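Participant: Single-letter residue listing:
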Amino acid sequence: MPSQDPRGRSGPSRRDFLRGSGVAAATAVLTAPAVDALDEARAAELAQGPPVLSGDTTITLQVNGQAREVVVEPRSTLLDTLRNRLDVTGPKRVCDRGSCGACTVILDGDPIYACTTLAVSCQGHAIETLESFDPEIVPAAFHRNDALMCGYCTPGFVTACKALLDKNPNPTLEDVRRGLDGNICRCGTYVGVLQAALDAAKALRKEA
Amino acid sequence: MAEWPQNPRLISTEIPRVDGLGKASGRTKYPSDVHPEGMLFAAMLYSPHAHARIKKIDTSRAERIPGVRAIHLLAQEGATLRYQGDDIAAVAADTEEIARDGVRAIEVEYEVLPHVATESQAMAEGAPRVNPRGNVQKGRAQINGDPDAAIETADAVIEGEYSVPVITHVCLETHGLTVRWDSDRTITAWSSTQNVMGVSQELGGAFNIPPTNVTTLTEVMGGGFGSKFSADSWGIAAAELAKKTGKPVRLFLDRAQEHMAAGNRPSATGKIRLGAAKDGKLVAMIAQTHGTGGVARGAGFPLPYVYAVPHSRREHSDVFLNGGNARAMRAPGHPEGCCLMEAAMDDLAEKLGVDPLEMRLKNLPEGDFKTPIYEAEIRLGAEAIGWSKRKPRGQAEGRGPIRIGYGMGLHTWGGGGAQDKQVSCIINPDGSVELRSATQDIGTGARTILAIIAAEVLGLEVDQIHSNIGNSSFPPGQASGGSTTTPSMAPPALNAATQARDELFRRVGRAINEDPAGMSLAGGKLLINGKEAMSFAEACRKLGMMPISVTAGFSEGLTSSGVGGCQFAEVEVDLETGVVRVKKIVAVQDSGLILDMLTWRSQVYGGVIGGLNYALFEERVMDPTTGLFLNPDMELYKLAGASDIPEIEVIAYHTPEMRARGVIGVGEPPTISTAAAIGNAVSNAIGVRVPRWPMTPMNVLNALAQVS
Numbered sequence: 001m002p003s004q005d006p007r008g009r010s011g012p013s014r015r016d017f018l019r020g021s022g023v024a025a026a027t028a029v030l031t032a033p034a035v036d037a038l039d040e041a042r043a044a045e046l047a048q049g050p051p052v053l054s055g056d057t058t059i060t061l062q063v064n065g066q067a068r069e070v071v072v073e074p075r076s077t078l079l080d081t082l083r084n085r086l087d088v089t090g091p092k093r094v095c096d097r098g099s100c101g102a103c104t105v106i107l108d109g110d111p112i113y114a115c116t117t118l119a120v121s122c123q124g125h126a127i128e129t130l131e132s133f134d135p136e137i138v139p140a141a142f143h144r145n146d147a148l149m150c151g152y153c154t155p156g157f158v159t160a161c162k163a164l165l166d167k168n169p170n171p172t173l174e175d176v177r178r179g180l181d182g183n184i185c186r187c188g189t190y191v192g193v194l195q196a197a198l199d200a201a202k203a204l205r206k207e208a
Numbered sequence: 001m002a003e004w005p006q007n008p009r010l011i012s013t014e015i016p017r018v019d020g021l022g023k024a025s026g027r028t029k030y031p032s033d034v035h036p037e038g039m040l041f042a043a044m045l046y047s048p049h050a051h052a053r054i055k056k057i058d059t060s061r062a063e064r065i066p067g068v069r070a071i072h073l074l075a076q077e078g079a080t081l082r083y084q085g086d087d088i089a090a091v092a093a094d095t096e097e098i099a100r101d102g103v104r105a106i107e108v109e110y111e112v113l114p115h116v117a118t119e120s121q122a123m124a125e126g127a128p129r130v131n132p133r134g135n136v137q138k139g140r141a142q143i144n145g146d147p148d149a150a151i152e153t154a155d156a157v158i159e160g161e162y163s164v165p166v167i168t169h170v171c172l173e174t175h176g177l178t179v180r181w182d183s184d185r186t187i188t189a190w191s192s193t194q195n196v197m198g199v200s201q202e203l204g205g206a207f208n209i210p211p212t213n214v215t216t217l218t219e220v221m222g223g224g225f226g227s228k229f230s231a232d233s234w235g236i237a238a239a240e241l242a243k244k245t246g247k248p249v250r251l252f253l254d255r256a257q258e259h260m261a262a263g264n265r266p267s268a269t270g271k272i273r274l275g276a277a278k279d280g281k282l283v284a285m286i287a288q289t290h291g292t293g294g295v296a297r298g299a300g301f302p303l304p305y306v307y308a309v310p311h312s313r314r315e316h317s318d319v320f321l322n323g324g325n326a327r328a329m330r331a332p333g334h335p336e337g338c339c340l341m342e343a344a345m346d347d348l349a350e351k352l353g354v355d356p357l358e359m360r361l362k363n364l365p366e367g368d369f370k371t372p373i374y375e376a377e378i379r380l381g382a383e384a385i386g387w388s389k390r391k392p393r394g395q396a397e398g399r400g401p402i403r404i405g406y407g408m409g410l411h412t413w414g415g416g417g418a419q420d421k422q423v424s425c426i427i428n429p430d431g432s433v434e435l436r437s438a439t440q441d442i443g444t445g446a447r448t449i450l451a452i453i454a455a456e457v458l459g460l461e462v463d464q465i466h467s468n469i470g471n472s473s474f475p476p477g478q479a480s481g482g483s484t485t486t487p488s489m490a491p492p493a494l495n496a497a498t499q500a501r502d503e504l505f506r507r508v509g510r511a512i513n514e515d516p517a518g519m520s521l522a523g524g525k526l527l528i529n530g531k532e533a534m535s536f537a538e539a540c541r542k543l544g545m546m547p548i549s550v551t552a553g554f555s556e557g558l559t560s561s562g563v564g565g566c567q568f569a570e571v572e573v574d575l576e577t578g579v580v581r582v583k584k585i586v587a588v589q590d591s592g593l594i595l596d597m598l599t600w601r602s603q604v605y606g607g608v609i610g611g612l613n614y615a616l617f618e619e620r621v622m623d624p625t626t627g628l629f630l631n632p633d634m635e636l637y638k639l640a641g642a643s644d645i646p647e648i649e650v651i652a653y654h655t656p657e658m659r660a661r662g663v664i665g666v667g668e669p670p671t672i673s674t675a676a677a678i679g680n681a682v683s684n685a686i687g688v689r690v691p692r693w694p695m696t697p698m699n700v701l702n703a704l705a706q707v708s
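These protein sequence lines map, in sequence, to chains A and B.
In this text, residue positions in the first sequence follow this note's numbering: the first is 1, and each later residue adds one.
In this text, residue positions in the second sequence follow this note's numbering: the first is 1, and each later residue adds one.
Next up, chain B with everything else stripped away, as it sits in the complex (with noise of 0.2 Å):
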């Protein structure tokens, strides 16, 4: 694995990403900003109540209105609203201002039905059905070994509630695209998504013509984080809008609905039995837990989580309830187990006396390739968070009310790639290098990756190869999700921009009748037999009209799957008001070969930062009695802002033995322990263990007055 990169010149260094000018001075056009000729602005109306079924529509006072020019049902009469924010139409007219009020003029005649909002609403005896099969639906266990027997021989037991609750992804451009019908069989459609290629697709089967003919461009897009693979209704609902207006419309979700109904990430909650031998060994855990991904399933979640237990019994049920499905969200499940796992661990650390540092580094699996990473990441990380301060729970050091606190978790993910994806790297005569293929970059880097690629192969600077993707119309790329994105479009990237180059080679010799064995390219020159024959633009020339134009695919050896990672926690928490402040956090990652150690870095700081947005701030919060999402907003729904943004320190794990493995994703691993960390913290400096996140101060205060 390790012949590629030899030497590399840009490979692992620091470069800034290729469309971050662009971005930074508001110049580049996001799918929410493009503004064809003649566009439609629409709007939705969507379910006012959690559980309804609509017995009337009459959309005549809408249509009405000078300047709506289409609605769109949605919903018909005798359908049933499952949830605050279920679709019921779409209109179109001249104006935002106008489409609103056409979505105020609609009358829709509700019958109000029983709800069920919370999971205890839910799971309780008698309560209204959200899902015919029952509300509370629950899988097979998963046993190993016997845990039941196990457990008894454990020195120490302990029993524990924790619980997660449901977030949601607050993409900061909401849900929505731009559409245009070309043609009668022919559609482009600007789309904040993840995945270009499904949201042609879609939208090709939900107007019965072939996928080829929606052309779906994401240049740019602001955030999914999971929840945007798809076309989605509202999606459609625009596309109808625009056939049946001839004109393009554009239609992005309001922040109430988005919030609502286009995804959140399943609430977890686990009463965990967690035995261990005196030495800190895990003997058994026994582990019932539930979660709700509103009115769909996924609500699963890994556990035990990365370490090793002999004995292990777990149920898991999925709840159903009046609230919008569940969206796959940065690491599906692993914040979950992770917080829920590394909680249990520090609690039977603290029952047994043992650190809870020894305790983790006791229960790695034996003879897994992670393991020895995992123990070469916790010395670095508790060197750089001080883990020789921590004192035991209870004793935890501080001034007045506010006592200091340290926490750790650790975290493991996939990050692989797939196999099947192809880039095309065309060099031009004039010199230009473009790469084309039908990913997207997210946010994450990865136009810029793939044009290192290419720059290093081509002896070429980052800014002089043209990364064109975010197009479904280019050979076919990765969605990008589970830090997939990278793995699967590098070895393409590769060997298109290798290919291309030898391709250069063997016609620029036939030209000036020269080896192609001996050329190579380097600093923007070709080199014939290691010295200057001429520039990389000369060399382009000869090859006349005809533009080199390679499509390759995946190739063994370059990438692999599987990384570790911890992440330690100091925090500060007030007795008195129960407020915690995160003075550092120290991520330690592995990632096999990094690519580009800027946007690397940025990853890291941000799952990190959504970490810590997870373990303090965010909640979806029921209200029980309407049923109704209370915080749809961006202010009672809590974000970390400039001032809660804690010292980071990023530790990059990048060995050779690891630069070995090849390319591995880093989205979604970083964002996992931060939340574990910090709750395992909190509980270090108050002396007692906060069942529920987020650790906001009714949490910290209620948990607090359990044990005074």
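For reference, chain A alone in the conformation it holds in the complex (with noise of 0.2 Å):
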């Protein structure tokens, strides 16, 4: 399993995790000694790994393209950092724990929740916010298409949009949908937000 390393992104994917879980089962026959092989294995990857983090720490996170020193604590969470301490309040809190998308941020290209992010883990990685964003692509096809009406999902779905184009700048319906699935809206503007990213589509290749 990856450890959680405060200089870079850590995330045990579901994959590693289960992964994992296996070694761990697997452990459990193996003979004493081997036993032994294996945590003094361990041992050697503990002493040269991270350390331990606590009480305030002072990190630098790279902010739309902007270097930002913030002191947090090893478990504030990036969606937090950003909200509470750097003021960037475009990604929202609405579940707070990555069920619903609204806060969904750009990591090095991929969207991730940032409501389950250690802000710790994101350290030299490039977090994008929609406020980086060309106001005149995504935005812009919400707010012609009426892809938003109280508006506090609309950051986690022009998020989850401006990613899925960056990927596939040419997606079908169905890829739109898939894209956006991991997002929730109370209002209703599924219909205007599905259009908005076909749309959006289109605007960018015209740019291009």
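Hints are computed from structural coordinates only; laboratory data are not their basis.
Careful, some of the hints might be misleading.
[Claimed, not checked] Restraint ranges, calculated between C-beta atoms of paired labels, are given here:
#, chain 1, residue 1, chain 2, residue 2, range
1, B, 55, A, 126, 49 to 59 Å
2, B, 107, A, 126, 41 to 51 Å
3, B, 389, A, 66, 32 to 42 Å
4, B, 660, A, 87, 48 to 58 Å
5, B, 48, A, 54, 53 to 63 Å
6, A, 109, B, 355, 48 to 58 Å
7, A, 54, B, 210, 45 to 55 Å
8, A, 54, B, 621, 36 to 46 Å
9, B, 111, A, 173, 53 to 63 Å
10, A, 71, B, 104, 19 to 29 Å
11, A, 207, B, 208, 56 to 66 Å
12, B, 532, A, 126, 49 to 59 Å
Computed from a prediction, not measured in an experiment: that's the story for all the values here.
C-beta atoms are modelled at their ideal positions from N, C-alpha and C, and glycine is treated no differently.
Make one complex out of these two single chains by using the hints.
Facilitator: If you want it as structure tokens, here you go:
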């Protein structure tokens, strides 16, 4: 299992986690010497591993192309760090446990849920929030198609849409649905949202 | 009524909302985003038990945590907590993380009391009492005619029990506010509310200062759906913390407490006997209904609904249990009444062998102005969904285990406005125009509607009007509920803009020695006797130093009330898994004169998607053993995502007669009949009634199991 490296993005993926559990289960039937060997290997890995962080910790995050120094706690989420400490309030806190997508930001090109990502794990990685997007492309398509009502889920949808189009500039409606399925809207703006994503793709292709 | 608007240039066209780009680019600050200098973060401690007495509270450990600045108790020792999520205390700290530490460090000794968490628990003989007057409180029976005699004369009678569960609002921005004391007698509150004036009044009342000393600001807000009319206990707690610490405080509920304590839509269960003559004409209804608003009353709903029932008796009880109190939710009572009525109508049509559509046409109230509207809407909807493809119940077509079904439902709503609201229109010498009112835009497009009206009058573009609302210090505006905002605010906006325009003509006329009677505004220009004289901005410069500021109110003839509307659903149901997929919804809606076709459509789409959620997914699940709310989150409390959205065809019933009715609100009506139509479509597909909403695999399979 990869360690929680404060200098790099951590985040054991589900696959890593399952693989890790498999190792743990296998360990149970290993002989004692084998277990000792494994423990030694782990201890060695830990010895040169990340420092244990505690209390106020100063980190630097690359947010929308700017280096932002900020004091966080190791437990501070990326979302709360952006919103509460850096006044980057585009991403919203809604479910606070990675099920609604309102907190979506782009980390090294991938959309992630900032509410379930630790800020300390994001050092050295490029964090983009929707405030940095060209307002004439994705946000404008949302605006034109009235793909928002109260607007609280909208930043997450706009960000997920941008991340989708960065990777797939020519999505089908089904691609768009899949790309935005990690986000939830309560006002019921989906019809406009799907159209906005397709329109934004068209606008991007024209620009390219 | 038809004098306004004459030859509109903007009204009834598709105009993107004026605040849309700010929201879509993440730049607009919500009440939960603002961060006044020195702000502290607050978090709530709430009851972990369904029913308990607080024996002891010790905050000393919490107070010693570095960074915790103040603690405010909302419940004292000896107080009874009546549901999981009930308020106990609020903690303000330098960071949100520390505020939560503070919450965890408060030591509370509880005496856990027996609870009733479900309706069957609450209604059981000898159940612990939530309300001293009993858990089941019967209202007076509503009787019309002689139902007992009449039902004996019916050719067919059905008896069914139908139910709709408690659901919650799930506002994406949780309830809360950011609050600052500007002096020892003045407050600024950035509140996520549907009612800026109400929040000022409540905060003023709580601290014994005039409401005018409390400025409530809601530039935008993240959803209310009827649950955000109050400053709430936690809002007052935040202001207490701000007062104690001398610093601004931000307090927004966490997601779990939002579900538990910030409102819900009551359940509705009805045992209904409905009888009709052979031709489908209704004869009588006898219904016993109940519902729960948790610890509060308020589980009423209309029944009979929409249709003319010559003889009826309806007995209703409110059931009290250890759950958060109900609040108004989008079209309060109507989706519930609609589901129950429309299910019974369909079951009866089935029994009679009458086409459910024909049965509905037959039972529209005679002489009601809405009847011809419904008739026209039903025709349009039936055509759009392809009603002719519908097979009688039990004969649905499909492939493999999939069956296709069709269903429909009708609804009604008021949607008229208040007559005591005001708007100011300010025309500045630099040519800028501002509207002001203490109403707010909860996502409906109210801000845009006001700008459209003024732009139409002043011959300007919509983005040239600064529609400044969401500020309690402005002239009194409407609270946003019951589809009343637009009909309340459109007349004063029109009157203010018109009077401001006329004042502009008078003062420009004086300045350039022209008769104001010959003046008009169009295309950003001032015209004299139809000829372009100068730009609007130039005309405004003639005002010198003194802006025009006009405050105007209501006038007759611009609005009305009372709408119909019908919806049709096509669904596919898998008989083996019980999974329902909605393929298409058709929503036909009238709402008088439509001001902005784009935002109007969004309201209808949103209403339908809300209804689809009620139909398929939403349910508050209470655990009878522990009394706890099992799904206060957004993964087990399910809402539709992009892949769940069917084709939705919105048909605006917007004939000249409808336009002539004037402005009527549209927030509520389109969310009412969706769940009813889907429920009927499911029954049509699988051949049996699914009597419980939502149409989850479990409820669908249970219904199938009943007959096999």
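Participant: Now tell me, hint by hint, if it's right for this structure.
Facilitator: Results for each hint:
| no. | hint | verdict |
| --- | --- | --- |
| 1 | B:55 - A:126: 49 to 59 Å | 53 Å, holds |
| 2 | B:107 - A:126: 41 to 51 Å | 44 Å, holds |
| 3 | B:389 - A:66: 32 to 42 Å | 59 Å, violated |
| 4 | B:660 - A:87: 48 to 58 Å | 50 Å, holds |
| 5 | B:48 - A:54: 53 to 63 Å | 28 Å, violated |
| 6 | A:109 - B:355: 48 to 58 Å | 56 Å, holds |
| 7 | A:54 - B:210: 45 to 55 Å | 49 Å, holds |
| 8 | A:54 - B:621: 36 to 46 Å | 39 Å, holds |
| 9 | B:111 - A:173: 53 to 63 Å | 57 Å, holds |
| 10 | A:71 - B:104: 19 to 29 Å | 22 Å, holds |
| 11 | A:207 - B:208: 56 to 66 Å | 59 Å, holds |
| 12 | B:532 - A:126: 49 to 59 Å | 54 Å, holds |
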